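Could you build all of it, start to finish, from the sequences and the hints given here?
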Amino acid sequence: MPSLRMRSFLLALGFCLLGPEAAPAFCGFYVARADAKLFNDSSRVVLVRDGDRTVLTMANDFRGDPREFAMVIPVPTRIEREQIHVAEPALVDHLDAYTAPRLVEYFDGDPCLRPYPLAEQSLDAARKSAAPGEAGRRARSLGVTIEASYTVGEYDILILSAKRSRGLLRWLRENDYRIPDGAEPVVRSYLKQGMRFFVARVNLAEQERLGARFLRPLQVAYESPKFMLPIRLGTVNADGPQDLVLYALTRTGRVETTNYRTLKLPSDAELPLFVKGEFERFYRDMFAEQVRRESMRAVFLEYAWDMAWCDPCAADPLSPAELRELGVFWLEGGVAKGGRAPNVFVTRLHVRYDAEHFPEDLRFQETGDRTNFQGRYVLRHPWSGPMACAEGERYRRELAQRLERQATTLASLTGWDPTEIRARLGLDGEGSSDPEPWWRRLWTP
Amino acid sequence: MDARRRRAGWDPRLAQIATLGALLVYGSTALAFEIEPGQVAAVLATVLATQWMAQRWKGVPGFDPRSPLISGLSLCLLLRASAWPWAVATAVVAIASKFVLRVRGKHVFNPTNFGLVAMIGASDQVWVSPGQWGSLALFAFGVVCAGVLVVSRASRADLTVAFLACHAILLFGRALWLGDPWTIPLHQLQSGALLVFAFFMISDPKTTPNSRRGRLVYAALVAGLAGAIRFGLHEPNALLWALVACAPAVPLLDRLLPGPAYAWPGTPDPTPASKGDPHAFPTHAQLPAGTRVLPARP
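Sequence order for the protein chains is A and B. Residues in the first sequence are numbered consecutively from 1, following this note's numbering. Residues in the second sequence are numbered consecutively from 446, following this note's numbering.
A few chain A residues that don't get close to chain B, going by computed Cβ distances all over 12 Å:
(1) 75
(2) 82
(3) 104
(4) 176
(5) 269
(6) 281
(7) 398
Derived Cβ-Cβ restraints for the label pairs, each shown as a range:
(8) A:308 <-> B:486: 29 to 35 Å
(9) B:618 <-> A:408: 47 to 53 Å
(10) B:508 <-> A:194: 50 to 56 Å
(11) B:529 <-> A:67: 56 to 62 Å
(12) B:548 <-> A:78: 41 to 47 Å
(13) B:631 <-> A:52: 26 to 32 Å
(14) A:225 <-> B:486: 35 to 41 Å
(15) B:627 <-> A:332: 43 to 49 Å
(16) A:147 <-> B:697: 43 to 49 Å
(17) A:296 <-> B:705: 46 to 52 Å
(18) B:545 <-> A:225: 29 to 35 Å
Keep in mind that the hints were calculated from the coordinates and are not lab data. Treat the numbers as computed from the prediction; the structure is a model and nothing was measured. The beta-carbon is built from N, C-alpha and C at its ideal position, and this holds for glycine as well.
Below, the structure is given as structure tokens:
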């Protein structure tokens, strides 16, 4: 039997953007988004919470041999069969798309006309994630209790508690889970805090019967005052930092970390037009640059919005049926007329973490803040028609300054080489291109 | 002795106001606290107005803006609200508690602490963001230095030191028990919110036990309860809840372990008693014979 690869927890990375609140009526066109799958070694987790009731949906991007897949997650309570569910991957993908950082574009109007109308032209939208009987006796002899054993969808799931971490780890190893060295103290710490372990592996027969091509997200519902995500197991012997994107769905308002800083990613920046063809690279590099600036000690907010609408929409808001599937349990009878769900606030957090910079598990709180924020990046297409007026002259001059600004912004956000950016924009080596003598417009308004 | 006498007239509240103001500027610039200037202005105006009106109501002459300013600045640093009326309401509750909830001439609760806890308990529109300070060691060091100065002049350094020591022992003890690496308790200690609590809230000389032994007991009590609330109930604002819960024990500690009452140096007591009001502040002249008004220590 092959060794199972342990995908110990699971909070993966993503990108985050935060937008300014209450973006004024928006009239740009949505062009592209940067979804969480851009990031390697990333986990995506949907966390639905109101009061102590919590529903976790854990999506994984595992693409290898399903026999190699295993997941070990600390959970705060005992979990019954009915508390476990398997969701469709499209649900998490939809939520990811809805909350993703977005690129939008504007088209300048004819500067000779007043007021400047915004030409309306839409661009292409975005592109579119066993153990009964003997095993139980052996487990007991090691001080491990198999509290429950379920088959849910294509997964075999065990809920384990243990008196001693060594017994638990030995049991896991005997059952072909490849546990990294150094996991023992972390497992011991969780056990002492009264946590159980939720262990999942793929039931190949069920997977074949269901015809599931991908491993679908696992969902767990539980009630606990612990508003946290365990990340420590995932940092044991990790090969470099990992990314986690957390989508929190709550009733009152934005979610933030209480033991790490939560910062908004820069948003609403105006970028050079060439970013359109490489938005994903831009976003990846910008996130990396922001992580570097904060010395990898912050969690980034990428999106915070009332689920009933969006502006601009990187994807439609989730329907009440989708939200219920994700575990939003407070919707009963509360669906608004337009078929949208009221009282669901979504927060998208993106963190890049390792054991050195994030020694503790992530702890959260829900705030009363319903301020909207989105990661939004702006392209402005210049007017290219005829401009035979004084306004046109002014427009041309402003355009040159605008390019300068965009180059500076892009270099500062991403850490890209300013010289290269300026070359791509056709700007001169140093200062602004074609600087106008200060006296030229002194007496000619 | 001369130095001590000279400094007796020096009011530590001025240093507190300067420190808190500097922290507010630092937080809203370098730490991106997102504190709106309008909300800061509204909270500061509200604390001053509430203090003035409460003094009128209680018949207390004079008006000293220093204490309410400290409460207001602390609120600005810690309080987050979905809309500014919530911040204003919290400011009113904070200052009003000082005049309403009194035992033996002392107000029971630190005004900022009470205002925050009461409003967090009553509404989901008010919260504290304990994680927003980050854990920059340098920043922590700066706050400690400034705070030590302020506390030592307010002669309540013993309480702050004792509380921090108890808190650290608890965190390290828990890590030892769990087998966690030291980086975890160290991370938990490097918190701006903890330092603001220790240096500017729990050490409020008006709401702490009068005797040193009483203060040491009190520090252990608050730290222990905060640990239980944090790790047992998983409440992120455990320190605030623990301080509110322990504050009513101060009159008891004063009775069991009596000591000289505290008065701000160099100033007449801002709220002398109105006749017949059993809950009013005593003036210096009204303090029991033998009561020593402590000068600020050098």
